[in-house]
Amino acid sequence: MSGAAERIRSDWRSVGERWRRAPKWMRWAVLAAVVLFFYALPNKEFYQYLGPIPTTGSNFGQVLFTVSIYVLLAVGLNIVVGFAGLLDLGYFGFFAVGAYTVAVLTSPSSDLKTHWPWLAVVPLAVALTMISGISLGTPTLRLRGDYLAIVTLGFAEMIRIAATSSTFLKGQRGFNQIPHPPGEYADGKPVFGVLDARPYYWLVLTLIILVVFGVRNLTRSRVGRAWVSIREDEDAAQLMGVPTFKFKLWAFAAGAAIGGLAGALYAGKVNFVNSQNFELLNSIIILAAVILGGSGNIVGAIVGGGLVAYLIERFRGIELFGWELYEFRFLFFGVVLVVMMIFRPEGLIPNRRRAAEFKDRRKEVSVGG
Amino acid sequence: MDFNGLFSNFGELTTTGLTQGAIYALVALGYTLVYGVLKLINFAHSEVFIAGAFAAIWTWSALGLNQDSVVNGVGSIIMYLGVAMVVAALASAVTASVIERVAYRPLRKRNAPPLAFLITAIGASIAISELFGIWTDRRPEGVPNLISIKPLFTIAGTPIRPIELLIVGSALVMMVGLDIFINRTRFGRGIRAVAQDPNTAALMGVNKDRIILLVFIAGGAMAGVAGLLYDIRIGALSYSVGFLLGLKAFTAAVLGGIGNLRGALLGGLLLGLVENYASGLIGSQWKDFAAFAVLVVLLMFRPTGLLGESLGRARA
Amino acid sequence: MRQRIARTIGGVALVALVASGAACSGSGGDDGAAGGEACGSKIAFFGALTGSSAALGINENNGVKLAVDKYNKANPDCKVEQVELDSQGSPDQAPQLAQQAIDDEKILGLVGPAYSGESEAANPFFSDAGLVHITPSATNPTLAQQKWKTFFRAVGNDLTQGPAAGKYIKDVLKAEKVYVIDDQSAYGVGLADEVKKLLGAAVVGSDKVQGEGKQTDFSASVTKVKSSGATVLFYGGYYQEAGLIRKQLTGAGVTATLVAGDGVNDPAYIASAGQTAAEGTILTCPCQPAAKAKGNFAADYQALNGVAPGTYSDSAYDAANILLAGIKAGKTTREGLLEFVKGYTGEGVAATYKFTETGELDPAQVKIWAYKVTGGQVVPDQEIPKS
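Chains as they are written, first to last, in full-length UniProt numbering: chain A, 1 to 369; chain B, 1 to 316; chain C, 1 to 387.
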């Protein structure tokens, strides 16, 4: 049993090795094929040939949109958790700030009655979430890891309660008729309509690619090296002259901005935002997704975010021994988290340096343990 | 702001706040103990609490009580409470030790980073809570009326009911018992030793795994009793209430200074009061908001909580 | 050694998990196209079947199940299938499910969405696709004002039930001091606001609590009710919290009468409050007593689902029957069924149905009754006259 597991593990490693050794053009070609695949995915003409992959209990195109939002969130949270090593349990709070900014400024049911177009509000939503990230981070980032976790959790809860209870944010009645993104086809039909989820998905996918390129460049710059040094040993980084607080704040703000972007996109698609959208469980699901995928690795975060959001939906409408599997999805989710952490704590697709850190730790198992 | 609402109800808001706070404190002890020894936020502790709370209800229904039963006679009330308390404490202790054995120990063996512990804890918490949800059909279960609702006496116009005395009283007794256990017994010395320096303690011949298991069992028993007290105070139990209560209890532990037993008591009581005063002043819907706001503000000014963190160093 | 055993067991569990994942993936993907025939038509239920707001959805789904079951027994050679769409009551699950229902061309009509929030997210889809849907429980008045073409509501909205509850408190209970609590849900706030408007100065105080099981300790609210000296407490919200509030009120020695809307009209309310505490609670409901029209609905429901009917089970049953009547009458296209529902008039177990232009239940048909909890049963008290 454990032999088989070992073999899978070593096969997996050799795949990784071969990938890194492959010539550059080949890597680009594979990457292009993968991107093309995901652009083609929501077309029924394409996905009907994919066998068990499309969801059966809910519309696949719509599910893909949800999945893409989760992927975007995972990429954002990965900056905070994976690169800078800051434990943020309330990341979904930023998503809420983004969505509510759009809702308040565009919806006719808002008290402000500004009725701004969606596109004009998106940059504002991103900026506002970034500011909220900085203003939350400034006092709290001086705290140690566990305290940061509980404070961010508290922050997300506070946002949810404020959304539910303040009259300005409308609680469960929410904001309706939030405008869609602009754009028309030649025949005058809007590109971003109600029934077709594909344009939204393509929009998010494109933004994910842009964000990923931005983040990748960032991590290979001075900023990225500073983050890794903070994650590995904050005191040592400080001693070597890295302004740790400043870079932690940067990570927090960048993560928050991406969360806000996701929120703004979501609001533009669903046209309705109310307090029921922001359960604490969502924050935890995204954190778990990042860690499952392999924190510190952008590809890992993407895979984690995508898989978790997709699998939860994939369970829908499936019966096994007369039991509706969907009912058990969170039970499975919990069990998978435990099993995964025991057998592969570095995640499905770990960051190489991070995996080395894990190996180091494993060697120094403490006495008496 | 309804100052009148706060002041005219001040006495009653205080007693009910302290009662809820005592329950927070008991659960907070479990977080604090585990954190003090392992430096680990045991997120699954909320489910340890739920296990005790359900165990108490199921014990009563096994004894033939349902939510409409009225029990008369002090003797039988004490019997029912006592039996359920033992079962609840046992159930929670077993749950806690299973979590430690299955979810945490394998990670400890390979010296996994703190993040991995946190994720297993969250996974275990979700899984256990879902199990209870599926088991109970996601419906709340009622609690029998064991304790008379007639006030015993009044202090400055505020009636004191037996249930409030029972809850605060048993919380205090448990707390003092735990304090003695940690500070005066051999096992307690072991716990403090591991909390201070696990590796040195191991070298000195302390069985680390046994001590850790002991910590989970002690924390679990406290949570089990808290579960029973929660049942009789709230009157019904549903599978999903653990998460928020656990979060509050953890907040209480951090408020008082995590790792510090007396801090947990202080933090719990304080949190109960803050919530109730906020409910009186601005409205019940804001009580959780107030609780978290106090936590955030406090951590900014006193990053180690009110009494500071120390399990090993407490009067060592 | 022991470690290896533990790892093996874990591995087996993992493999079992993966295997089950593979097994289930085989079973999906049999959605055929082609509509237009009565046989094999489907009607769907859209609402929360899991998650914290599931209880209401389960009640309704069971009601739909009963209607479909009866229909299939009466028409064994031409059965109708029921599809369940579990939204967990959350607006962000709604779009993908709404579209799923639209994609399945055999689905001719839909009962739901159950809540107002998910309705906001899902109804534009149905309207665009022309898929008729009758909600048994989303009572936010604004839903009918958004020019959706396919929206129908099988119950009165908050604007009809709220004032009736207020009138009952004023005229029958003759209360001079009333305290109002709501759970901040669209439904609860809607009711509470109407009651407050009608009672005016008689309302001596109000408070808000958190719904959906997020709050269980109501001691602060109880304290406020107690010190306000109110003789009646109106609660806008659902039974889960109402049961706890009633129990905790009684526990604190408060004897004020609890008045609540149909969201509390569920056996689980009496179960969680306990019979003694629940005694005397007044529940208003835009539904008629069993003796009037219900026939053996309750018994049949119990027989099929193994539990007694709860809140909105009857409206969901009626809504499903309206759709089924259309299918029976040969309206086996979406357009046909939509037209059929628009022109429908008929008697159900909960009310007489006829819809207005905007899809509201015709106000003349809405009858609000007051029920009283007596001896652990919900017993009809009296009809509350309109204005």
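Treat the hints with care, since some could be wrong.
Derived DSS-like pairs (lysine-lysine); straight-line CA-CA distance at most 25 Å [unchecked claim]:
no.: 1; chain 1: C; residue 1: K386; chain 2: C; residue 2: K196
no.: 2; chain 1: C; residue 1: K372; chain 2: C; residue 2: K342
no.: 3; chain 1: C; residue 1: K367; chain 2: C; residue 2: K197
no.: 4; chain 1: C; residue 1: K42; chain 2: A; residue 2: K44
no.: 5; chain 1: A; residue 1: K359; chain 2: B; residue 2: K150
no.: 6; chain 1: B; residue 1: K109; chain 2: A; residue 2: K359
no.: 7; chain 1: C; residue 1: K372; chain 2: C; residue 2: K174
no.: 8; chain 1: C; residue 1: K170; chain 2: C; residue 2: K328
no.: 9; chain 1: C; residue 1: K226; chain 2: A; residue 2: K113
no.: 10; chain 1: B; residue 1: K150; chain 2: C; residue 2: K226
no.: 11; chain 1: C; residue 1: K372; chain 2: C; residue 2: K328
no.: 12; chain 1: B; residue 1: K208; chain 2: A; residue 2: K359
no.: 13; chain 1: C; residue 1: K65; chain 2: C; residue 2: K79
no.: 14; chain 1: C; residue 1: K174; chain 2: C; residue 2: K226
no.: 15; chain 1: C; residue 1: K328; chain 2: C; residue 2: K65
no.: 16; chain 1: C; residue 1: K147; chain 2: C; residue 2: K167
no.: 17; chain 1: C; residue 1: K354; chain 2: A; residue 2: K44
no.: 18; chain 1: C; residue 1: K354; chain 2: C; residue 2: K170
no.: 19; chain 1: A; residue 1: K189; chain 2: C; residue 2: K372
no.: 20; chain 1: C; residue 1: K226; chain 2: C; residue 2: K372
no.: 21; chain 1: C; residue 1: K196; chain 2: C; residue 2: K79
no.: 22; chain 1: B; residue 1: K39; chain 2: B; residue 2: K109
no.: 23; chain 1: C; residue 1: K328; chain 2: C; residue 2: K106
no.: 24; chain 1: A; residue 1: K189; chain 2: C; residue 2: K354
no.: 25; chain 1: C; residue 1: K106; chain 2: C; residue 2: K42
no.: 26; chain 1: C; residue 1: K197; chain 2: C; residue 2: K167
no.: 27; chain 1: C; residue 1: K386; chain 2: C; residue 2: K367
Calculated directly from the structure, the hints in this document are not laboratory data.
Checked hints:
Straight-line distance between C-alpha atoms of K386(C) and K196(C) comes to about 17 Å, which keeps the hinted pair within the 25 Å bound. Of the pairs offered as hints, the one joining K372(C) and K342(C) is violated, with about 35 Å between alpha carbons and a cut-off of 25 Å exceeded. Of the supplied pair hints, the one linking K367(C) and K197(C) holds, its CA atoms being roughly 21 Å apart against a limit of 25 Å. Restraint check: the Cα-Cα separation between K42(C) and K44(A) comes to about 22 Å, which is no more than 25 Å; the hinted pair holds.
Taking the CA atoms of K359(A) and K150(B), the gap is about 63 Å. The hint is violated against a cut of 25 Å. For the suggested pair K109(B) and K359(A), the alpha carbons sit about 13 Å apart, so the restraint of at most 25 Å is met. Only pairs whose Cα atoms come within 25 Å are accepted, and K372(C) paired with K174(C) is accepted, the gap being roughly 16 Å. In summary, the hint linking K170(C) to K328(C) is not supported, as the alpha carbons are separated by about 46 Å, beyond the 25 Å threshold.
The straight-line distance between the Cα atoms of K226(C) and K113(A) is roughly 41 Å, outside the 25 Å bound, and the hint therefore fails. About 15 Å separates the Cα atoms of K150(B) and K226(C), which keeps this hinted pair within 25 Å; it holds. Under the criterion of a C-alpha separation no larger than 25 Å, the hint pairing K372(C) with K328(C) is inconsistent with the structure, at around 38 Å. A hinted pair counts as satisfied when its Cα atoms are at most 25 Å apart, and K208(B) with K359(A) qualifies at roughly 23 Å.
For the suggested pair K65(C) and K79(C), the alpha carbons sit about 13 Å apart, so the restraint of at most 25 Å is met. Pair hint K174(C) plus K226(C) holds up; C-alpha atoms about 19 Å apart against a cutoff of 25 Å. With a CA separation close to 17 Å, the supplied pair K328(C) and K65(C) stays within the 25 Å bound. A threshold of 25 Å between alpha carbons decides the hint, and for K147(C) with K167(C) the separation of about 31 Å lies outside it, so the pair is violated.
This hinted pair does not check out: K354(C) and K44(A) have alpha carbons roughly 40 Å apart, beyond 25 Å. Only pairs whose Cα atoms come within 25 Å are accepted, and K354(C) paired with K170(C) is rejected, the gap being roughly 30 Å. Among the hinted pairs, K189(A) with K372(C) is inconsistent with the structure: their alpha-carbon atoms are about 55 Å apart, more than 25 Å. At most 25 Å may separate the alpha-carbon atoms for a hinted pair to count; K226(C) and K372(C) meet this at roughly 22 Å.
Between K196(C) and K79(C) the CA atoms are separated by roughly 48 Å; this puts the pair beyond 25 Å, and the hint is violated. Proposed proximity of K39(B) and K109(B) is supported: the alpha carbons are some 15 Å apart, at most 25 Å. Straight-line distance between C-alpha atoms of K328(C) and K106(C) comes to about 15 Å, which keeps the hinted pair within the 25 Å bound. Pair hint K189(A) plus K354(C) does not hold up; C-alpha atoms about 35 Å apart against a cutoff of 25 Å.
Distance check on the hinted pair: K106(C) and K42(C) sit about 5 Å apart at the alpha-carbon level, within 25 Å; holds. At most 25 Å may separate the alpha-carbon atoms for a hinted pair to count; K197(C) and K167(C) meet this at roughly 11 Å. Note on K386(C) and K367(C): the hinted pairing holds, with a Cα-Cα distance of about 8 Å set against a maximum of 25 Å.
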